[in-house]
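With the sequence shown counted from 1, adding 820 to any position gets you the numbering used here.
Simulated from the structure, these hints should not be mistaken for lab results.
Even glycine gets a Cβ: it sits at the ideal position worked out from N, Cα and C.
Be aware that a few hints might be false.
Label pairs and their computed distance ranges (CB to CB) [as the list claims (entries may be wrong)]:
| id | residue 1 | residue 2 | range |
| --- | --- | --- | --- |
| 1 | Thr-901 | Leu-865 | 18 to 24 angstroms |
| 2 | Ile-833 | Ala-880 | 18 to 24 angstroms |
| 3 | Arg-884 | Lys-845 | 35 to 41 angstroms |
| 4 | Val-877 | Gly-854 | 27 to 33 angstroms |
| 5 | Leu-850 | Phe-910 | 39 to 45 angstroms |
| 6 | Pro-851 | Arg-893 | 35 to 41 angstroms |
| 7 | Ala-904 | Ile-833 | 29 to 35 angstroms |
| 8 | Leu-907 | Phe-826 | 19 to 25 angstroms |
| 9 | Lys-885 | Gln-856 | 41 to 47 angstroms |
| 10 | Asp-822 | Ile-911 | 29 to 35 angstroms |
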Amino acid sequence: MDKLSFWHRVAFIANCCWLLTWVLKYYTFLPPGGMQSILIITGLLIANTVNFLVNAVTCAYWFRKQLAGRVPRWLVLLNFTFLAAQLYIFIL
821 MDKLSFWHRV AFIANCCWLL TWVLKYYTFL PPGGMQSILI ITGLLIANTV
871 NFLVNAVTCA YWFRKQLAGR VPRWLVLLNF TFLAAQLYIF IL
């Protein structure tokens, strides 16, 4: 597996944790404890950083026309969508 594809998958998992963290803000579906802490740390700290870095590298590859076939297109679009949502919430 290509390194960029691996990091896109890691960013996707972290982005899912980010989404679950926002749901956890309004609905408590996990008991307080270790699992909830891991979800919050991964969702709020790791997801923003990893997603920004992965999308920056993807843009660099895209501008050099070296992205074709390295990462599934749906994964790139989904990570960019998460990045747009994260930036929107960060700016507000």
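Are there hints from earlier that the structure breaks, and if so, what are their numbers?
Of the numbered hints, 5, 7 do not hold.
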